[in-house]
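Undergrad: For reference, the chains in residue letters:
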Amino acid sequence: KQEVTQIPAALSVPEGENLVLNCSFTDSAIYNLQWFRQDPGKGLTSLLLIQSSQREQTSGRLNASLDKSSGRSTLYIAASQPGDSATYLCAVDGGSYIPTFGRGTSLIVHP
Amino acid sequence: NAGVTQTPKFQVLKTGQSMTLQCAQDMNHNSMYWYRQDPGMGLRLIYYSASEGTTDKGEVPNGYNVSRLNKREFSLRLESAAPSQTSVYFCASVLTGGELFFGEGSRLTVL
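Protein chains in written order, with the numbering used here: chain A, 1 to 111; chain B, 1 to 111.
Hint data in this document are derived by calculation from the structure and do not stem from the laboratory.
All values reported here derive from a predicted model rather than from experimental measurement.
The reader is advised that the hints may include incorrect statements.
[To be verified] Anything over 12 Å on all C-beta distances counts as not near chain A; from chain B, calculated:
| hint | residue |
| --- | --- |
| 1 | Gly16 |
| 2 | Leu43 |
| 3 | Arg44 |
| 4 | Asp56 |
| 5 | Leu69 |
| 6 | Asn70 |
| 7 | Ser75 |
| 8 | Thr86 |
[Unchecked claim] Now the in silico label distances, taken between C-beta atoms and shown as ranges:
| hint | chain 1 | residue 1 | chain 2 | residue 2 | range |
| --- | --- | --- | --- | --- | --- |
| 9 | A | Ser53 | B | Asp26 | 24 to 32 Å |
| 10 | A | Glu56 | B | Arg44 | 26 to 34 Å |
| 11 | A | Tyr31 | B | Leu69 | 35 to 43 Å |
| 12 | B | Ser51 | A | Ile108 | 35 to 43 Å |
| 13 | A | Ser96 | B | Thr7 | 27 to 35 Å |
| 14 | B | Gly16 | A | Ser52 | 44 to 52 Å |
| 15 | B | Glu52 | A | His110 | 41 to 49 Å |
| 16 | A | Tyr31 | B | Glu52 | 35 to 43 Å |
| 17 | B | Ser84 | A | Ala29 | 42 to 50 Å |
| 18 | A | Asp27 | B | Leu95 | 36 to 44 Å |
| 19 | A | Tyr76 | B | Gly16 | 32 to 40 Å |
| 20 | B | Arg44 | A | Asn63 | 23 to 31 Å |
| 21 | B | Thr20 | A | His110 | 28 to 36 Å |
| 22 | A | Ala78 | B | Arg107 | 32 to 40 Å |
[To be verified] Residues on chain B that point at chain A, a partial pick, calculated with CB under 8 Å:
| hint | residue |
| --- | --- |
| 23 | Pro8 |
| 24 | Phe10 |
| 25 | Tyr48 |
| 26 | Tyr64 |
| 27 | Pro83 |
| 28 | Phe90 |
| 29 | Glu99 |
| 30 | Leu100 |
| 31 | Glu104 |
| 32 | Leu108 |
No residue lacks a Cβ here, since even glycine has one placed at the ideal position from N, Cα and C.
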């Protein structure tokens, strides 16, 4: 059974820092991995989708990498801003029609 | 392009009452999901439908029923609501191997 772990569970950083959020998974046989953002009281918004054949994806200040062999993905946020404060979740699609989610990293960027 | 639409957004029920949460997607996705999200518990899968005409239990199906009415619509029914079903419910959909999209959530309180 696929298990997805996100470390750290919570993170507080000053504005302007570059930061890395981690997502690890136990079964490397995946179709893709997706990063989401969730603001308090809101739904999940897709940030980046990395297919199993890809090593990374970039969108603006966000860069997500995927290393299937080690069962890891990282979400890099450059020059963090208070508006980046949210919970970030990763989800792994192992081809069983059931995505497996991590518990998320709660990020606070303070001015 | 509306994406994934959930109704209602808010609902208050008394114990024992029944209700149906509606979900529709306009992206021609084949798979649809119902999750619940509770503080400290993460996202938990209630039911999913891998394709039109099929439904399967997820991690926490007790007390719920679902109907995949057609390719667009996937409803979640609470036959006799209990306070333990107070939660935020999310519908999601995906085209196999592609990007998972979520609705904005339905906040249910059972008194």
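Undergrad: So, against the hints stated earlier in the document, which numbers end up violated here?
TA: 2, 3, 4, 11, 16, 17, 18, 19, 21, 23, 24, 26, 27 and 32
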